[in-house]
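Following the hints, position chain B against chain A.
Number of protein chains: 2
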Amino acid sequence: MNNTKSLKRLVIKIFKKHNLINEHSKICAEAIINAEIVGAHSHGLSRLKMYCDRIKKKVINPRPKIKIKKISKSISQIDANNSIGFVAADIGIKHAIINAKKTGIGLVGIKNSGHYGLSGYYAEQATKKNLIVFCFTNAPPAIAPHGSKKSLFGTNPICFGTPTFSKVPFILDTSVSVINRGKIRVAARTGKKIPEGVALDKYGKPTTNAKKALEGVQLPIAGFRGSGLAWMVDILSGVFTGGNHGGKVKDPFDDFSGPQNIGHLFFVMKPNLFVGNYSKRIKENIKRIKRLPKIKGVKEILYPGQNKQKRYKKNLNKKINLPANIVEDLKKLNA
Amino acid sequence: MNNTKSLKRLVIKIFKKHNLINEHSKICAEAIINAEIVGAHSHGLSRLKMYCDRIKKKVINPRPKIKIKKISKSISQIDANNSIGFVAADIGIKHAIINAKKTGIGLVGIKNSGHYGLSGYYAEQATKKNLIVFCFTNAPPAIAPHGSKKSLFGTNPICFGTPTFSKVPFILDTSVSVINRGKIRVAARTGKKIPEGVALDKYGKPTTNAKKALEGVQLPIAGFRGSGLAWMVDILSGVFTGGNHGGKVKDPFDDFSGPQNIGHLFFVMKPNLFVGNYSKRIKENIKRIKRLPKIKGVKEILYPGQNKQKRYKKNLNKKINLPANIVEDLKKLNA
Numbered sequence: 331m332n333n334t335k336s337l338k339r340l341v342i343k344i345f346k347k348h349n350l351i352n353e354h355s356k357i358c359a360e361a362i363i364n365a366e367i368v369g370a371h372s373h374g375l376s377r378l379k380m381y382c383d384r385i386k387k388k389v390i391n392p393r394p395k396i397k398i399k400k401i402s403k404s405i406s407q408i409d410a411n412n413s414i415g416f417v418a419a420d421i422g423i424k425h426a427i428i429n430a431k432k433t434g435i436g437l438v439g440i441k442n443s444g445h446y447g448l449s450g451y452y453a454e455q456a457t458k459k460n461l462i463v464f465c466f467t468n469a470p471p472a473i474a475p476h477g478s479k480k481s482l483f484g485t486n487p488i489c490f491g492t493p494t495f496s497k498v499p500f501i502l503d504t505s506v507s508v509i510n511r512g513k514i515r516v517a518a519r520t521g522k523k524i525p526e527g528v529a530l531d532k533y534g535k536p537t538t539n540a541k542k543a544l545e546g547v548q549l550p551i552a553g554f555r556g557s558g559l560a561w562m563v564d565i566l567s568g569v570f571t572g573g574n575h576g577g578k579v580k581d582p583f584d585d586f587s588g589p590q591n592i593g594h595l596f597f598v599m600k601p602n603l604f605v606g607n608y609s610k611r612i613k614e615n616i617k618r619i620k621r622l623p624k625i626k627g628v629k630e631i632l633y634p635g636q637n638k639q640k641r642y643k644k645n646l647n648k649k650i651n652l653p654a655n656i657v658e659d660l661k662k663l664n665a
Numbered sequence: 331m332n333n334t335k336s337l338k339r340l341v342i343k344i345f346k347k348h349n350l351i352n353e354h355s356k357i358c359a360e361a362i363i364n365a366e367i368v369g370a371h372s373h374g375l376s377r378l379k380m381y382c383d384r385i386k387k388k389v390i391n392p393r394p395k396i397k398i399k400k401i402s403k404s405i406s407q408i409d410a411n412n413s414i415g416f417v418a419a420d421i422g423i424k425h426a427i428i429n430a431k432k433t434g435i436g437l438v439g440i441k442n443s444g445h446y447g448l449s450g451y452y453a454e455q456a457t458k459k460n461l462i463v464f465c466f467t468n469a470p471p472a473i474a475p476h477g478s479k480k481s482l483f484g485t486n487p488i489c490f491g492t493p494t495f496s497k498v499p500f501i502l503d504t505s506v507s508v509i510n511r512g513k514i515r516v517a518a519r520t521g522k523k524i525p526e527g528v529a530l531d532k533y534g535k536p537t538t539n540a541k542k543a544l545e546g547v548q549l550p551i552a553g554f555r556g557s558g559l560a561w562m563v564d565i566l567s568g569v570f571t572g573g574n575h576g577g578k579v580k581d582p583f584d585d586f587s588g589p590q591n592i593g594h595l596f597f598v599m600k601p602n603l604f605v606g607n608y609s610k611r612i613k614e615n616i617k618r619i620k621r622l623p624k625i626k627g628v629k630e631i632l633y634p635g636q637n638k639q640k641r642y643k644k645n646l647n648k649k650i651n652l653p654a655n656i657v658e659d660l661k662k663l664n665a
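From first to last, the protein sequence lines stand for chains A and B.
Using the numbering used here, read the first sequence as starting at 331 and increasing by one per residue.
Using the numbering used here, read the second sequence as starting at 331 and increasing by one per residue.
Quick caveat, the hints were computed from the structure, so don't treat them as lab data.
Built from N, CA and C at the ideal position, the CB exists for glycine as well.
Everything hinted at is true.
Once the Cα atoms are required to be at most 27 Å apart in a straight line, the calculated DSS-like pairs of lysine-lysine come out as: (1) K424(B) <-> K403(A); (2) K600(B) <-> K424(B); (3) K626(B) <-> K532(A).
On the chain B side, residues computed to face chain A include the following (Cβ under 7 Å): (4) Q407; (5) T504; (6) G576; (7) I612; (8) P634.
Next up, chain A with everything else stripped away, as it sits in the complex (with noise of 0.2 Å):
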């Protein structure tokens, strides 16, 4: 039987005990839930714990005084005072559509926030608005500037989103590591192996063992491509928002010894600025690159967000399975 409501109304539950207000455990919850839904793991329920001990240190504020100031009609800024990332987000995200609906673009830049979880779950907010999106976050150091055998940047992502109006859309939210460091963490987690070339052992040596690689360095992609990539990605999201930066971002399952202060970059745009036909622009383009001869064995070229969504319809009606630790953290913080 689908456990997605019982999970929900759980972890709901959990933030209120948690001293959040019921609107915000809310977010958090929708959030974590979809993370389980479509697949990311990494980003559900296996943090569930860490906000939760990051609130009892007084390192996220369950009651955050959030503030918004205007700085014109396409821009806004918030203030997150240290809020669980995902309210912040979700302000910031309504904020960047609002503007845009406004006036053809909203820019929000958002600090003192912490991890909000997936990208893509913005993005998808404003997708469905029928608007074209941005969203950039900074993360704690996991890799390595190109030239250093220190990691540093986070596996800041880029994620962008387009309507296609069609039923799923374009979401590309892709780190620039080779994988995402979630996985790493859920491969550390169940003692499972990791892929060779995405990581490097604290020494600077290739390494397929998740533990190790969590202690060492994770590579960007393509080099130094990968590595201006994320430096980018820090420069918006960080020294642009008023965020932490330069590394400084806390890592949140291992540092406690203050909040993580991650800056988020929100960027909106109504797809018809310059185009009178864009929904007929996208589909064409889409079905051009659809129809192009594939290689052996791929049955469909997909676009970005495609696999997501295929997930997300997969199991909404499923019951998502928990691992024992996950069950255990469930029990204690419902205790």
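Chain B only, in chain A's frame:
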């Protein structure tokens, strides 16, 4: 002896002979000679004959009536009327800068343009005015979408720049192919081999033969991630602006059946929208990263744009040595 100035004069003369007005000839010559100085020969004089051929064949309009439409205080649209790309892009970036200076953000979409040379060249115009900038452009088919054996995306660069409030701006200008198509083209002209793993021949087999690679497909960085980024750039610069997209941009060297109708998108922001001390913050960011322990053999961790600037300084007062075929081109074009 330095021949930069005389070469620039010669290129201006050649463009004027091909019916461009003096001002436009100067804009083109500046961009082309700049590419030579920074060592991007694939975007320099090696393309001059192609531009002139396209003018002769009436697929570049030497006397365009460029229309500039103000959509809002922040947003402008440019219909380049099949101008040479340099001219459209020069007007475009200048308008994006003006809009950003006035409102904090400037967005400019350009359609009916052509190949504009190096994205970083336009980004630099914005960083010189102490502005943050994105430049997107699409290009003729060169990269196969993930899952396909036929190329469709251009090498579609992602270009991001920020002032560093030091002599050298941070300018990331990275194609999403493993190497630039221009470099393969130069290798094909000079009979050199290309590295392994960057391209497939027309039968889908890996090749190090530059000519075979040009007939085949280039590989995107990082598989589906690079393919997704190339698709994003095609949407932003083509679908969104009104330019050609989805593989319809013609190869400027091989296809004279009509104008390219390339689209460009420029997005410019004031760095102090959210923080009062951006200059201090970006300097601190770069300092922290440069201080990291380096891997063996690396003297300095460089930020994107530093290498190009080094080449610029080194070459500025040197003679530009031209291969025989380009000397020949120049002679014929000036005849």
